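2 protein chains.
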Amino acid sequence: MSQAHSPLKSTAIFSALLSIALAPHAQAKADFMHSTVKQATTIDTLPVIQDWKHAANGVWSASIGDMSQELRYTDLAAEPPRIERLNTLGDPEFPFEADAIRYSVNPDGRIMVRIPCGPDEKLYGYGLQLDKVNQTSRVLELNVDHWGKGGGRTHAPVPFYVSSKGYGVFFNTARFLKVFNQISNRKDATQRPPEVDRNPPKDEIASQPGKWQASPMGDSVEAAISGSGLELMVFAGDSMLEVVQRYNLYSGGGALPPLWGLGFWHRVHAHHNAEQVEAEVAEYTENKFPLDVIGLEPGWMTKSYPCTFEWQTKRFPDPQAFTQGLLDQGIRLNLWENPYISQNAKLYEDMFPLSGSHTVWLGIVPDYTLPEARNLLAAQHKADHFDIGISGYKMDEVDGYDRWLWPDHATFPSGNSAEALRQTYGMLLQKMLYQDLFKANNQRTYSLVRASNGAASGYPFVIYSDSYDHEQYITGLSTASLCGILWTPEIRSAGSSREWLNRMQTVCFSPMANLNAWASGVKPWDFPEVTDAVRDVIELRMRLLPYFYSAFASYNRDGIPPVRAMILEGDFKDTAATVIEGELDSETNPYATGEIIEKNDQFMFGPSIMVAPFYGKHATERSVQLPAGNWYNFYTGELAGNNTSISVTAAELKDRTPLFVKEGAVIPMFTEAPLNSKDAKGQDLDRAPLRQRQPAACELYEDDATTFDYQRGASRIRTLSVDADGALEVKIEGNGPSLFGEILNVEQMTK
Amino acid sequence: MSQAHSPLKSTAIFSALLSIALAPHAQAKADFMHSTVKQATTIDTLPVIQDWKHAANGVWSASIGDMSQELRYTDLAAEPPRIERLNTLGDPEFPFEADAIRYSVNPDGRIMVRIPCGPDEKLYGYGLQLDKVNQTSRVLELNVDHWGKGGGRTHAPVPFYVSSKGYGVFFNTARFLKVFNQISNRKDATQRPPEVDRNPPKDEIASQPGKWQASPMGDSVEAAISGSGLELMVFAGDSMLEVVQRYNLYSGGGALPPLWGLGFWHRVHAHHNAEQVEAEVAEYTENKFPLDVIGLEPGWMTKSYPCTFEWQTKRFPDPQAFTQGLLDQGIRLNLWENPYISQNAKLYEDMFPLSGSHTVWLGIVPDYTLPEARNLLAAQHKADHFDIGISGYKMDEVDGYDRWLWPDHATFPSGNSAEALRQTYGMLLQKMLYQDLFKANNQRTYSLVRASNGAASGYPFVIYSDSYDHEQYITGLSTASLCGILWTPEIRSAGSSREWLNRMQTVCFSPMANLNAWASGVKPWDFPEVTDAVRDVIELRMRLLPYFYSAFASYNRDGIPPVRAMILEGDFKDTAATVIEGELDSETNPYATGEIIEKNDQFMFGPSIMVAPFYGKHATERSVQLPAGNWYNFYTGELAGNNTSISVTAAELKDRTPLFVKEGAVIPMFTEAPLNSKDAKGQDLDRAPLRQRQPAACELYEDDATTFDYQRGASRIRTLSVDADGALEVKIEGNGPSLFGEILNVEQMTK
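Sequences listed follow chains F and R, in order.
In the numbering used here, each number is its position in the first sequence, counted from 1, plus 9.
In the numbering used here, each number is its position in the second sequence, counted from 1, plus 9.
Hints listed in this document are in silico derivations from the structure and should not be mistaken for laboratory results.
Accuracy of the hints is not assured; some may be wrong.
For identical chains, the list gives no copy identity; a pair is met inside one copy or between any two copies.
PhoX-like mimics (lysine-lysine), calculated; alpha carbons at most 25 Å apart, straight line [said to hold, decoys possible]:
1) 391 x 174
2) 220 x 355
3) 62 x 211
4) 141 x 608
Since the structure is predicted, the reported quantities are computational estimates derived from the model, not experimental observations.
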């Protein structure tokens with residue numbers, strides 16, 4: 010793709026910049042100098058973005074200003090765009106009128122883009138937002154940061170939104186982006202709502218054109234950066250899911266973790282030594298709980314906050330033997346780290362000139378946009394970690410807060426801005442670990458990272474947070490799926506056995522079943538009342554490995570998120586509604602200004618299972634919205650409903666998670682739950698017993714489960730078809746290795 | 010003062026800007042284009058700000074870049090700098106080394122200023138911050154906004170800080186300013202703290218150089234804007250109070266309200282009509298509660314949110330008669346408004362071309378930097394409000410939120426940026442009302458406004474908020490005093506009679522005794538258990554009118570805030586301390602990262618009275634820090650302590666506010682509490698009975714109480730001196746009118 014833009018546009022922008030540089034007195038400060046009344050910008054006078062380049066079927070890009078100094082998220086993607094696959098998806102038309110999308114370059118250097126939308130459109134996305142899925146009438150500052158105060162700052166503030174009308178817009182520039190999403194009406198807008206008096210006399214209330222709104226609905230998305238250029242991409246689709254697919258495919262497709270990554274994860278205390286870790290692993294065996302990955306927290310290295318990346322031999326005297334001993338049991342080792350380098354690190358001296366002007370916890374901040382810096386870190390990681398069998402990392406502290414990281418005015422030796430580094434630091438480290446360490450050595454990883462951003466769907470890294478609100482963690486499963494992000498609603502502790510069970514159930518239907526209770530010290534079996542129910546859901550995840558691994562293969566191949574928001578299912582109703590407290594003539598709370606509430610506590614797990622977890626106030630009873638089409642109770646196989654809302658209780662489900670399966674699905678499952686993914690290989694499969702009398706089918710993906718050979722064709726797909734009478738047929742495509750065993754046709758549930 | 014800066018510096022900055030405009034390919038994107046490793050900026054390479062202009066004794070300014078397009082707060086001040094008075098304050102030296110203050114202009118347009126400070130310095134200020142006074146190790150975004158989430162966004166985010174070493178720094182540019190206050194160490198800083206391992210093995214804990222800190226103390230203030238120029242001002246002083254004095258004097262001195270402004274305020278329901286308002290006024294008389302001002306909320310106008318500014322005659326059929334009727338009782342009328350204009354307003358058509366690109370609640374947003382726009386509004390306000398006797402305004406909604414106001418990329422017909430308009434909108438409206446409406450007609454006003462900013466001390470406008478946390482409201486009395494802002498911890502409602510009393514007591518010792526309970530409908534006498542105590546504190550405020558009015562005269566004349574932070578008293582101990590929860594080897598909460606807590610719940614009211622209100626958890630008992638020097642119980646006159654901490658209870662004080670008076674003070678008070686300020690005129694005075702046996706004195710200021718004639722010399726000061734035996738002497742300076750009556754020498758307290 011060419012980045013060139015029309016000479017005309019360039020000229021206009023450079024003129025604007027030049028007017029700042031060369032003619033400082035050309036613009037007056039009104040009466041503080043002298044008065045010069047001009048007209049404020051009107052929509053018609055905003056330049057139109059015209060040179061849309063067709064990047065693939067249903068994908069277009071255009072740029073404003075000078076992109077040569079700007080980082081683009083797509084430049085940092087894990088894999089190149091999947092143009093061939095994209096071109097199999099049909100060739101829709103550009104979803105806007107030719108002159109619809111306009112921009113401006115303000116005298117103060119802000120580049121603003123205006124994208125119109127209709128009053129009936131709903132806009133979703135903008136990354137991992139933990140409070141809401143529907144982003145109507147909001148202002149978002151898309152800056153990488155901890156999640157905490159909302160407003161757009163989050164671990165993965167992906168500048169991509171999807172419209173209910175079937176298109177998506179991606180701001181492909183690593184800048185802080187301030188988005189006014191269907192809010193802030195221009196005075197010359199033609200679509201704006203009518204003006205309403207907030208305090209009319211009683212005899213005028215009836216003639217008001219509606220209720221007063223604190224945030225009147227706007228007719229566009231207007232978004233701005235301060236930077237020298239902005240690239241905009243547009244994705245079309247027959248559905249929101251197809252738009253998301255295209256976004257993911259353009260980002261290189263979805264990540265495919267190794268099979269072990271989908272097993273159960275457990276992190277041990279930061280100060281544990283090798284013996285203590287081995288003892289915790291043994292506890293899993295004793296308690297008959299599945300386990301695939303052990304995570305070490307900061308104490309494994311000689312210095313942390315900032316880091317050395319070197320083994321603390323007082324705690325781990327023989328890292329290689331320790332790692333190998335775990336691997337022999339099928340247990341992979343994951344290492345916590347943050348990327349700021351201690352004066353005590355061997356890397357310090359070489360990294361010093363490659364680092365930015367400011368420190369983080371007094372450690373230097375390498376400029377990982379420089380290949381020299383990435384190469385230094387990758388080489389050390391290969392020698393000290395990869396070569397002894399380390400399987401992945403938990404890359405912490407790449408998100409925020411402002412008071413922890415470098416200031417926005419810091420400088421870096423590459424010349425990239427502090428802002429661009431902040432927006433991409435998590436991606437740069439994913440790039441280094443994925444491309445330079447693991448892929449270069451033909452081993453897949455599945456890892457954790459605390460920040461990511463646009464075009465990152467190809468990275469096998471899962472985001473986590475410190476915020477720990479169960480309802481928000483469920484919302485994250487939906488929002489992450491709209492922008493190529495994997496999210497784990499990890500479990501750390503609980504105030505009651507019910508909360509422990511509910512959180513454990515949620516995390517088992519997420520991209521990573523991660524127990525991060527090292528600080529609280531709670532083990533899965535520490536609430537005896539629910540130990541069996543907790544073991545049950547972890548075992549169910551293990552039995553569903555073939556189903557979920559195949560869902561990830563579809564993410565990789567087709568861009569369909571393995572866990573995803575209900576709004577990506579065609580018939581789900583977005584129940585978001587503006588609630589105005591305090592009516593016009595109410596005297597109870599005139600300060601109330603309304604709030605948008607929504608119900609986003611259900612999500613899809615794999616192609617066909619809908620999960621409606623118990624949580625918070627809905628700890629043992631909740632309502633479930635069943636979209637149009639027949640939905641079956643996963644456990645009993647009975648029809649649960651069609652286009653309706655039902656109530657479910659923990660008691661009637663025997664303390665299991667409410668799960669519902671779509672008409673036409675086949676859910677392949679292991680007959681027994683393996684305790685470790687190594688035992689999954691070759692194990693036989695059955696399927697969930699659904700009393701549907703329609704033909705049904707699914708695809709079962711297989712490869713060697715750990716290397717990149719699948720990218721060179723070493724995979725196969727078994728298609729399982731069941732006819733209306735329940736007869737099973739299996740077809741095999743591809744020459745890759747078999748991974749799972751035979752497909753039995755018993756159709757039974759064990760519990 | 011000249012704004013010129015050296016040709017050398019200008020050249021450097023324009024070169025930087027030109028390099029953006031003319032040579033976009035000169036800077037590489039590292040490996041995304043090709044690799045160019047440079048060194049990140051070091052402190053030594055940052056250009057030094059050298060051309061400090063001596064603006065007055067102890068006041069210097071310098072500018073970076075091009076200020077011709079930037080609004081300066083000082084350009085919007087109420088009155089010109091008080092150079093003559095400043096030059097009576099001594100002539101201190103510039104408080105920094107010659108090459109100490111440096112700057113940079115980053116390629117992305119950020120202008121950064123670096124101002125060093127020592128590890129033993131404490132920095133205060135940055136406007137009306139409601140959570141803390143001490144701002145050590147914080148990042149603040151100084152953007153005008155509602156108070157809510159902290160982080161620097163607030164109603165008056167004044168970019169001015171004061172150091173415990175006796176200097177202040179003011180960023181005199183109306184831009185969003187991001188401040189890294191004693192945080193973010195540069196890698197080449199010489200003063201930075203030692204690196205500490207966060208997770209050492211047990212045998213290394215003892216040899217650590219200290220405790221690990223989440224935010225290691227930095228050696229400077231670094232602050233940045235995106236804009237074309239930044240003016241920096243430095244204020245010196247023998248004490249922090251003198252620094253604040255100089256800042257206020259340079260801003261034109263402090264505001265002097267009319268005497269009636271210091272009486273009791275009451276706001277009525279938004280939907281009340283004239284009869285209902287008159288009935289509420291009558292209730293005050295019946296209940297024998299003082300009252301000076303009635304505030305009307307939005308329903309007084311034909312349309313609100315957005316506004317017409319025109320009388321709603323269905324509620325107020327004869328505004329002139331109504332206003333005059335109240336004035337006849339000594340009651341002033343204050344009108345709520347916001348500055349966004351309805352399509353139904355007569356002003357709409359003329360104002361349309363003078364307004365910005367975007368609307369607020371669908372109303373146009375006049376560009377009040379244009380004199381044309383201010384003149385239109387002032388003329389309408391004069392004809393429809395001022396000429397019938399309106400005394401002031403409550404200028405609402407000039408602060409935030411982002412989702413309510415215009416976007417940062419909006420454009421305005423003056424060419425001023427949306428950002429500059431956001432930072433100054435509250436000031437522009439104060440300027441219009443103060444200069445063009447009230448001062449032009451030789452009437453003082455005392456009004457409310459929801460946003461202000463730098464150099465605003467001369468405006469007789471008081472800030473209020475919706476946030477309503479009592480402890481924060483007390484903190485605001487301290488922080489506002491450091492930056493030329495007046496703040497009212499207004500009372501709206503209460504969950505208990507004790508809370509009602511405590512909040513009423515706090516507000517009575519604030520710049521404005523404002524009851525804003527129109528929404529809750531609560532009246533001062535609605536909690537019968539505390540009605541007498543509430544009346545008592547309002548009466549005390551009325552008795553103290555001569556004392557408090559004189560304190561405002563000193564604000565006006567000398568720049569000394571009438572209500573102010575204890576840290577401006579020489580001997581008050583700043584008790585802020587970093588609390589680390591979770592020790593290095595603790596396993597209880599390894600996520601804890603420490604927090605700075607402080608005690609800022611005492612403040613000075615006038616020159617000599619220290620107020621220590623009851624609030625929140627300290628509703629009926631609290632500790633009080635008495636600084637060095639003798640402090641006397643205001644009510645009993647007994648010595649309370651000297652350089653000590655004492656405990657006080659509501660019971661022992663008979664439900665009165667803890668008040669303590671400094672050695673050497675005379676507190677002039679009316680012998681009786683007037684029910685309205687008109688009754689204050691000519692009323693005799695006594696003084697609080699303090700059992701001190703030292704000479705004591707105070708100044709009693711008098712003028713006509715309502716006009717600007719005082720600016721032309723029509724004022725007088727009576728100095729009251731009391732010798733060690735209690736004998737009183739009175740000296741009169743100035744030829745202005747007498748306002749208060751005789752000074753009696755009874756020395757008694759009534760209650």
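Going through the hints against the structure:
1. 391 x 174: Answer is neither; intra-copy 47 Å and inter-copy 51 Å both fail.
2. 220 x 355: between (65 Å within a copy, 24 Å between copies)
3. 62 x 211: neither (56 Å within a copy, 61 Å between copies)
4. 141 x 608: Cα proximity of residue 141 and residue 608: one copy only (9 Å, versus 37 Å across).
Hints 1 and 3, counting from the list given before, are not met by this structure.
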